[in-house]
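Novice: Each chain is listed here by its residues.
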Amino acid sequence: MFACIYSRSLAEWRQKRADNSAETGSPLVDLAFTFSPLVEQKSADTVVLDVSGQDLLFGSPNGSSDQVASDTNIAQEIFRQSTVAGLKVNVAVAANVDVAIHAARLIEGVTVIPAGDEPLVIGALSIKQIDHSLAAIEEKRAAEIQETFALWGLRTFGDLARLPLAGVAERLGQEGVRLQKLAQGKSDRRLNLICPPVGFVQSLELEHAISEVEPLSFILSRLLNQLCANLNEYALATNELQLALQLQTKSMHERTLTLPVPMRNHRTLLRLLLFDIEREPPPAPIIAVAITAKPVEPRASQTGLFIPLAPEPEKLEITLARLVKLVGAENVGSPEMLDTHRPDAFRMNRFNLNHRGKRKQQSERNPRSNQQPAIGKRQSVMGFRMFRPAWLAEVKTSSGQPIYIAARAKSFGKLSGRIVRASGPWRGSGDWWRADVWARDEWDMAVIDPKSSEGEVLCRVYRDLTTEQWFVEGVYD
Amino acid sequence: MSALVTKKEVELALVDRFGDIFERHERRAVEILPTGVAEIDDLLLGLPRGAITEIHGPASSGRISLMLSALATATAHEEICAVIDCDDTFDIASAAEAGVDFQRTLWVRCGHSLERAFKAVDLILHGGGFGFIALNLGNVPAQAVRRVISSWWFRFRRAIEDTPTALIVVTPVTAVRSCAALVLELKSERAVWPSTLSLVSENSNSSFTTDNRLSHGHLSLVPKVPLRNDHPAPAHAHFLATMQIVVNRERPVGLRSGTVKFLPRHSPACDIR
Chain A
4 MFACIYSRSL AEWRQKRADN SAETGSPLVD LAFTFSPLVE QKSADTVVLD
54 VSGQDLLFGS PNGSSDQVAS DTNIAQEIFR QSTVAGLKVN VAVAANVDVA
104 IHAARLIEGV TVIPAGDEPL VIGALSIKQI DHSLAAIEEK RAAEIQETFA
154 LWGLRTFGDL ARLPLAGVAE RLGQEGVRLQ KLAQGKSDRR LNLICPPVGF
204 VQSLELEHAI SEVEPLSFIL SRLLNQLCAN LNEYALATNE LQLALQLQTK
254 SMHERTLTLP VPMRNHRTLL RLLLFDIERE PPPAPIIAVA ITAKPVEPRA
304 SQTGLFIPLA PEPEKLEITL ARLVKLVGAE NVGSPEMLDT HRPDAFRMNR
354 FNLNHRGKRK QQSERNPRSN QQPAIGKRQS VMGFRMFRPA WLAEVKTSSG
404 QPIYIAARAK SFGKLSGRIV RASGPWRGSG DWWRADVWAR DEWDMAVIDP
454 KSSEGEVLCR VYRDLTTEQW FVEGVYD
Chain B
2 MSALVTKKEV ELALVDRFGD IFERHERRAV EILPTGVAEI DDLLLGLPRG
52 AITEIHGPAS SGRISLMLSA LATATAHEEI CAVIDCDDTF DIASAAEAGV
102 DFQRTLWVRC GHSLERAFKA VDLILHGGGF GFIALNLGNV PAQAVRRVIS
152 SWWFRFRRAI EDTPTALIVV TPVTAVRSCA ALVLELKSER AVWPSTLSLV
202 SENSNSSFTT DNRLSHGHLS LVPKVPLRND HPAPAHAHFL ATMQIVVNRE
252 RPVGLRSGTV KFLPRHSPAC DIR
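Sequence order for the protein chains is A and B.
Taken in order, the first sequence gives residues 4 to 480; the numbers are from my numbering.
Taken in order, the second sequence gives residues 2 to 274; the numbers are from my numbering.
Pulled out of the complex, with its shape left as it was, chain B reads as follows:
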């Protein structure tokens, strides 16, 4: 208490010389970019702009699904987006199925080089004008991600401040630490395997095979051969994911902490012709 009083007295004594530098500036309202996942948007409204959002979790926990959904939503909002792909793992088919507009998406393949990936993000951030930037480190070993020096994250945080850009970082383990305004930790729960009736098509010879071993869930028809413009990814299993949301208290973005379950679903829009 005495320390607070002393601080107040010092500020009052210096106010004539330094003006209002001790006054706290009013925090601006946080702008939000929806993710397109209803479960997350209901709770968080979306990803904060002008800040870093970290999405981390093990393999098959839904990190890329969440990233693709946010990317597709951003391009649908006519934002210019960039995907910095450290290990060249960006799948075009699933991105197209998610609804990503590639003409608004800049894809940078960094050839398995962390350094190039970070430099590319830095160039794009300082170039300005992008609404959504995704740094995909999902395939990088956890040890390498942990070894990333924190000055990179501070540099990104500084560059992105006061801009309408949302930067998300997909990692296997938490790495951004205090520089992230929002941390989403994803954990895979279990895979859901619907019984599958697959269409095996080889050139013009078509046949059907039935796999009834896994008979819980609904029956779905999955065309194996991509249709000319749709090119659905041959995803035959679904999975549940649990997400732990951690809000950075030092840089509050007006979001709530909590846990949410979401179910990335395969698009049911499959027709066989």
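Excised from the complex, chain A in its bound form:
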């Protein structure tokens, strides 16, 4: 037996939108899947489901084996659930799919058509309401056939059903035969099944509020386990997790975890979520938890014998999360030089191994970006230890040349002594159009501290031209 659900409100909405395409995610589809896994979505306002074998669930209350009573119960239950969901629907149950569709569309309320009674029920329906798409007839041809029916004086399904088959076939061809079978309720086709909508969302409402991470971890573990199992079932992974925590204060605490590579290992995801929660804990006890995973294709990686070792993405993410917890998010990553002349201008990017393959292509396009490509011909350059922040210094000069320096760091470390050699100044300035304008004269100096056993210390010293103060920027090392 087949049940058809037709929603009048959705039909009106569809007419306004002039959109005949069947949309997934419709409330009708969700409703249908609560009754049967075998569902066909005929259009946005019409779904058909196979309700065979549901007598045990929705059979007649007195236990009799009356098929009609059982079908009536099923239809009424569907109608009741639709009303609860706020949908105005017609429900029809019949042994024939197309009969159920026509009955649901053209007869108000709940209709149950026993097997064999199809011609009686649909015979009185107007022939103008017949769905030509069920007989695979195009609209233009359908209009011609309707004109023919009008010329013949046919007004109902029954009129067409009673015509001789040979005459219809002779005048209208196979299309006419298919239409006549529809009118007789004798069409024979199977449901064009759709997959149930996949939603990678897991949620749980808690009986008691949770204010600590440890009990929350058990909840998250359970939800993530199910979520990853669902992803695994569909051969998918996720690269974004959205955690929504409903708090006792009726507010929401939402966190989004973006992953550099698709994953579906629930242990890894659990650790990352817990690190994130520990870093930014919710301000109030939690009464409900919901996790949404964005499904993506799992990563495919080709390994090789000669590819250098690299951290496993899952392990690397956990390591990075722990490092972030240890030193802060702004202190972990891969640096990127900014395209500016301002000294020590850089940006900290998220450390991501996905860029590895792009490096070679970029260097091929822009040969200047790869400064020293040949490993064997590489030349050592002078390393530099940058003091952040720069050490405030006092510099004595003689005839414009610095001769003595004394500098001390804010925390620890000092540099003082006679300047035995200096080179400079090199003037630089920039960003004069901004509030943080910079202008300075730089010197390279060799300093000898008579109290220290160390030799010459080569340092870079600059004089800030905006404040007229000297600073030690760092040491060549």
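Please keep in mind that the hints were generated in silico from the structure rather than gathered at the bench.
Glycine included, each C-beta is placed from N, C-alpha and C at the ideal position.
Treat the hints with care, since some could be wrong.
Unchecked claim - Listed next, with one range per pair, are the computed distances between beta-carbon atoms: (1) B/Phe-155 / A/Leu-308: 31 to 37 Å; (2) B/His-127 / A/Tyr-237: 29 to 35 Å; (3) B/Glu-162 / A/Glu-257: 40 to 46 Å; (4) B/Phe-155 / A/Ala-212: 43 to 49 Å; (5) B/Glu-40 / A/Arg-270: 32 to 38 Å; (6) A/Pro-284 / B/Lys-8: 56 to 62 Å; (7) A/Lys-454 / B/Glu-40: 43 to 49 Å.
Since the structure of chain A is already known, use the hints to place chain B on it.
Specialist: For chain B alone, coordinates are given in the frame of chain A:
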């Protein structure tokens, strides 16, 4: 001699019960990561993987230059690298000039905290997969480095064993002691100051100044204002360094001890436009 005989007899007596546990396992060949400094690679071939290498010396002795060169070479070999920067002194400009690929380099700034630096190294070592890890303690006072408890070094040595990771530790004084497979002690000799012709450029107004006071060495043109993609560090002095190499005899890595001089040079690839 008698003690050796006694030991041999005991081992033979117990061989039926404990199998070959007394047999010395064959030592695997040491894998090497080149440093990129020709003088050092000629002598040592490079830094040992699966072991700790300590680089210590005073300021301006070339420790960071050596570290950057090794880092650049490692990234050029497509290794994934990490720099644990205790005092936030890692200079991006000189690293870029050395050829470090930042997309393969994880930089961890530890905010002047030794404890965080050691914990970060521990996390990265146990995370696995990194080919080169540099712990930069170059700016930490010598007293603080000496006070580091040795269990940290033993822990690192244990974690890095049998992995292809090379861990180098840059310190002002020797600290790793017996846990280091290779100790490189650097001493600065003297600075080499070439006569300098500097380009002073401020926005669009360019002028040249000449400093001929130091006239030994070659004449070099140093662009002060960084070019858009090159960003050369304004290094105007060169220095010589002497390196004393100490190989840990307890954990031999097949390298030789000795002394080497090397000259970190400023990249001559400077053009003025």
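Novice: Run through the hints listed earlier and report the numbers of any the structure violates, in increasing order.
Specialist: 5, 7
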